[in-house]
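What follows is the residue order along each chain.
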Amino acid sequence: MRAETQKPGGVRRFLRGYFLGTDHRAVGLAYFVTGFAMFFTGLGIMMLMRWQAAYPGNPFPLLGRLFGPDHPWMPGGMLLPNFYNQLGAMHGTTMVFLAVVPILVGGFGNYLVPLMVGAPNLAFPRLGRLGFWCYLVGIGVIYASFFSHGGPANSGWTSYPPLSVLEDGGQIYWLVGIIFVYVSSLLLAINLIVTVVQLRKPGMGFMELPFFVWTQLVTAFLLLLAFPPLAAAGLLQLSDRLVGTSFFLPGGLVVAGQTLDVSGGGSALLWQHLFWFLAHPEVYVLILPALGMVGTIIPANTGRPLYGYRGMVLSALFMGGMSFLVWAHHMFLTGMGATMNRFFETTTIIISVPSVVIGGSLVLSLWGGAIRFTPPMLYALAFLPMFGIGGLTGMPLAMPSTNIPLHDTMYVIGHFHYIVVLGTLFAVFGGMAHWFPRVSGRLLNGKLTVLHFGLSLLCLNAVFFPLLLQGLAGVSRRLYDGGASYAIGREVFFLNKAVTHSVIAFAVVQVLFLLNVLWSLRWGKPAGGNPWEADTLEWTEDRAP
Amino acid sequence: MSVPYAHTPRPDTGMTNARLGMGLFLAADAMFCGALFSSYAFLRTAAGYWPVGREVLPMRLNGLALAATATACAMALYAWTGARGTRLSTRVRAGSSAGWGALSLLLTAGALHQALENAGPPAANTFLAIYYMLSAVVTVHVVTASTLSAVTALKSARLGDNLLLSRLGSVGLLWAFTLFMAATCFISFYLL
Ligand code: HEM
Ligand SMILES: [Cu+2]
Numbered sequence: 121m122r123a124e125t126q127k128p129g130g131v132r133r134f135l136r137g138y139f140l141g142t143d144h145r146a147v148g149l150a151y152f153v154t155g156f157a158m159f160f161t162g163l164g165i166m167m168l169m170r171w172q173a174a175y176p177g178n179p180f181p182l183l184g185r186l187f188g189p190d191h192p193w194m195p196g197g198m199l200l201p202n203f204y205n206q207l208g209a210m211h212g213t214t215m216v217f218l219a220v221v222p223i224l225v226g227g228f229g230n231y232l233v234p235l236m237v238g239a240p241n242l243a244f245p246r247l248g249r250l251g252f253w254c255y256l257v258g259i260g261v262i263y264a265s266f267f268s269h270g271g272p273a274n275s276g277w278t279s280y281p282p283l284s285v286l287e288d289g290g291q292i293y294w295l296v297g298i299i300f301v302y303v304s305s306l307l308l309a310i311n312l313i314v315t316v317v318q319l320r321k322p323g324m325g326f327m328e329l330p331f332f333v334w335t336q337l338v339t340a341f342l343l344l345l346a347f348p349p350l351a352a353a354g355l356l357q358l359s360d361r362l363v364g365t366s367f368f369l370p371g372g373l374v375v376a377g378q379t380l381d382v383s384g385g386g387s388a389l390l391w392q393h394l395f396w397f398l399a400h401p402e403v404y405v406l407i408l409p410a411l412g413m414v415g416t417i418i419p420a421n422t423g424r425p426l427y428g429y430r431g432m433v434l435s436a437l438f439m440g441g442m443s444f445l446v447w448a449h450h451m452f453l454t455g456m457g458a459t460m461n462r463f464f465e466t467t468t469i470i471i472s473v474p475s476v477v478i479g480g481s482l483v484l485s486l487w488g489g490a491i492r493f494t495p496p497m498l499y500a501l502a503f504l505p506m507f508g509i510g511g512l513t514g515m516p517l518a519m520p521s522t523n524i525p526l527h528d529t530m531y532v533i534g535h536f537h538y539i540v541v542l543g544t545l546f547a548v549f550g551g552m553a554h555w556f557p558r559v560s561g562r563l564l565n566g567k568l569t570v571l572h573f574g575l576s577l578l579c580l581n582a583v584f585f586p587l588l589l590q591g592l593a594g595v596s597r598r599l600y601d602g603g604a605s606y607a608i609g610r611e612v613f614f615l616n617k618a619v620t621h622s623v624i625a626f627a628v629v630q631v632l633f634l635l636n637v638l639w640s641l642r643w644g645k646p647a648g649g650n651p652w653e654a655d656t657l658e659w660t661e662d663r664a665p
Numbered sequence: 034m035s036v037p038y039a040h041t042p043r044p045d046t047g048m049t050n051a052r053l054g055m056g057l058f059l060a061a062d063a064m065f066c067g068a069l070f071s072s073y074a075f076l077r078t079a080a081g082y083w084p085v086g087r088e089v090l091p092m093r094l095n096g097l098a099l100a101a102t103a104t105a106c107a108m109a110l111y112a113w114t115g116a117r118g119t120r121l122s123t124r125v126r127a128g129s130s131a132g133w134g135a136l137s138l139l140l141t142a143g144a145l146h147q148a149l150e151n152a153g154p155p156a157a158n159t160f161l162a163i164y165y166m167l168s169a170v171v172t173v174h175v176v177t178a179s180t181l182s183a184v185t186a187l188k189s190a191r192l193g194d195n196l197l198l199s200r201l202g203s204v205g206l207l208w209a210f211t212l213f214m215a216a217t218c219f220i221s222f223y224l225l
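Chains U and E, in that order, are what the protein sequence lines are.
The opening residue of the first sequence carries number 121 in our numbering; numbering runs sequentially from there.
The opening residue of the second sequence carries number 34 in our numbering; numbering runs sequentially from there.
For the record, the hints were derived by calculation from the structure and aren't laboratory data.
Every value quoted in this text rests on a predicted model; they were computed, and no experiment measured them.
C-beta atoms are modelled at their ideal positions from N, C-alpha and C, and glycine is treated no differently.
A portion of the hints provided could be inaccurate.
Distance ranges between label pairs, derived from CB positions [what the hints assert, rightly or not]:
| no. | chain 1 | residue 1 | chain 2 | residue 2 | range |
| --- | --- | --- | --- | --- | --- |
| 1 | U | Leu362 | E | His146 | 15 to 25 Å |
| 2 | E | Gly81 | U | Leu445 | 40 to 50 Å |
| 3 | E | Ala100 | U | Ala376 | 48 to 58 Å |
| 4 | E | Val125 | U | Val473 | 54 to 64 Å |
| 5 | E | Thr46 | U | Lys645 | 36 to 46 Å |
| 6 | U | Gly431 | E | Ala79 | 41 to 51 Å |
| 7 | U | Thr454 | E | Ala209 | 30 to 40 Å |
| 8 | U | Pro195 | E | Ala169 | 40 to 50 Å |
| 9 | E | Ala80 | U | Phe438 | 30 to 40 Å |
| 10 | E | Pro154 | U | Leu186 | 42 to 52 Å |
Take these sequences, add in the hints, and give me the full structure.
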């Protein structure tokens, strides 16, 4: 019953399971592998961008040969400004929609939730697979835009109009792809919720669900309810582009000296409202399952139950509900008026309370435990302060007065990457180290894992801390030349090179991780049934294949 | 390995998996349509001038389509609540629900045609744009619900009692939501 990959003839079995499997473990692994591939793609894109930001105007080493002098993306290895924008949009889109959410919910969720609630499979096994296919199609469509006439979408992962409606590139691919991703996440969310509600072991009450399952449940509800408005907005934007409507275009817009020939009457702010109505809950989709994983790894390595389980569950629920009421804190700069600003400022400050409760409970769960510093535990322990930095740097952004100077600077980039990279990604690595034995029957090589942990922690802080500083000095995000041609932020310009080299170092360290996984699949130490002596069902209850 | 509670309700939740799944799907659908109606409200409040629906749009045909949808919905719910009766009557009710749905589609097609002729294409202004958009979304719902009704009617003889009841329930829910959408649409354009 262990993973397909390690058996003789494993590749064929793996491919079968990958495309056709209806077992939740096969579907989960398929999401996981694909999500990780997309993560490395997103990282590769960021390496290109960072090289450009550190050495603006210099052609890429090596790539110049690969791309001839007339290549539309990088003629002679020179990254053009528009292509920088396109890569930026693809980095954000890939990381959020195609990598991290699929890994967290599609991968860990599909694989572990049924096991943890004692269900034989997902409630709708074939829909599980269909959802995975939609995800693959979504990736295909979005990435096909690289080969389209104008190249990929260039309006950022936020796709703000008017640019997104007017640009002549891959925005259509982006919209169609996102609609596929939406269908995929809809199927995923319904499946997980029904599995938990209907297929729980008889007699297992809701307050007996592991904290991890709770976080997945809340996450599934967020995906279920927050994504549809973005799909609707995507439909409206498609119609603007294909049918010539003006949902997002005001009248009298002048582009390149010409008044646009559209009826007008629409509003670019409408898009922002619809987009952030999804995208704020989406950030909780990015962090809640990570909290769930850390909340599983910690008790397994302290030998004590979570401190304040009930409070954590209630906080997760409150956070989920509240996340629908904070979206316009991304829009303080749009002139919504003081009343609206005050409302969204208040809700945003309120929503930080449950995060503190959960974070605090995780820390208190360490108290008095016999802590074992196993590799997964290291990631979980590092998660706590990193999540803390991410959260605290968010506070100034919650208030209009401090948000206004920081809006759209590298500070924001630093802030949310502390959450999604040093927080979520670390939880993902911890989760991998923790559940790898459950999947493969073997342990990851301990030394390599610890090395990966230490070096990643170092490199990532060297990437994102300088970005916070640059942002405080006023450096904008999305700058093609890393700020070289701007008067502002001169004193922090030199940090660009350090950041870039740290990103490259981080990428090299990931090779270590990949090698570790491949090596351990074959030669890792056999793990036995329950290597961490954990008490959740996925370890204690053995299941027939 | 068969999945539990696919055909019979789970005792403590009182639902089959499919019913809960349909409920969740409709919740997502409600958010989807809610976003479109919010866009309608946003555009309308922001607009300097908003046409009077009764004067430019085919109110009569839209009204008749709404009535046909309502009948289809009533039939679908009747098939569900009366499913303990004979197979044949269930089949007739579910089938006629599909028929009324088809009629509603025909009337909608007529309405859209008239709107295109008399009022103009979607690109003409945001009023028409959102009218066509919402009409299209309602139409997709009617198509889906009618198809599911027809399939259930055709297959009803071969489904076990519990499964049939569960299917009819899901389709009934979908029809109820569709009617709600269609009515909201009508009210937004003609009565408000
Ligand atoms: C692990 C390595 C990562 C690095 C080194 C990295 C670095 C960066 C940098 C430097 C930017 C700013 C680019 C600019 O404004 O010019 C950026 C933007 C962004 N990143 Fe990352 N990132 C990483 C991972 C992630 C992950 C895991 C996520 C999401 C879960 C993510 C989501 C985003 C988003 C949404 C943007 C904004 C894109 C836009 O401007 O539209 N990144 N990243
Ligand atoms: Cu937000």
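Now for the hints, and whether the structure bears them out:
| no. | hint | result |
| --- | --- | --- |
| 1 | Leu362(U) / His146(E): 15 to 25 Å | holds, 20 Å |
| 2 | Gly81(E) / Leu445(U): 40 to 50 Å | violated, 30 Å |
| 3 | Ala100(E) / Ala376(U): 48 to 58 Å | holds, 51 Å |
| 4 | Val125(E) / Val473(U): 54 to 64 Å | holds, 57 Å |
| 5 | Thr46(E) / Lys645(U): 36 to 46 Å | holds, 43 Å |
| 6 | Gly431(U) / Ala79(E): 41 to 51 Å | holds, 43 Å |
| 7 | Thr454(U) / Ala209(E): 30 to 40 Å | holds, 38 Å |
| 8 | Pro195(U) / Ala169(E): 40 to 50 Å | holds, 43 Å |
| 9 | Ala80(E) / Phe438(U): 30 to 40 Å | holds, 38 Å |
| 10 | Pro154(E) / Leu186(U): 42 to 52 Å | holds, 46 Å |
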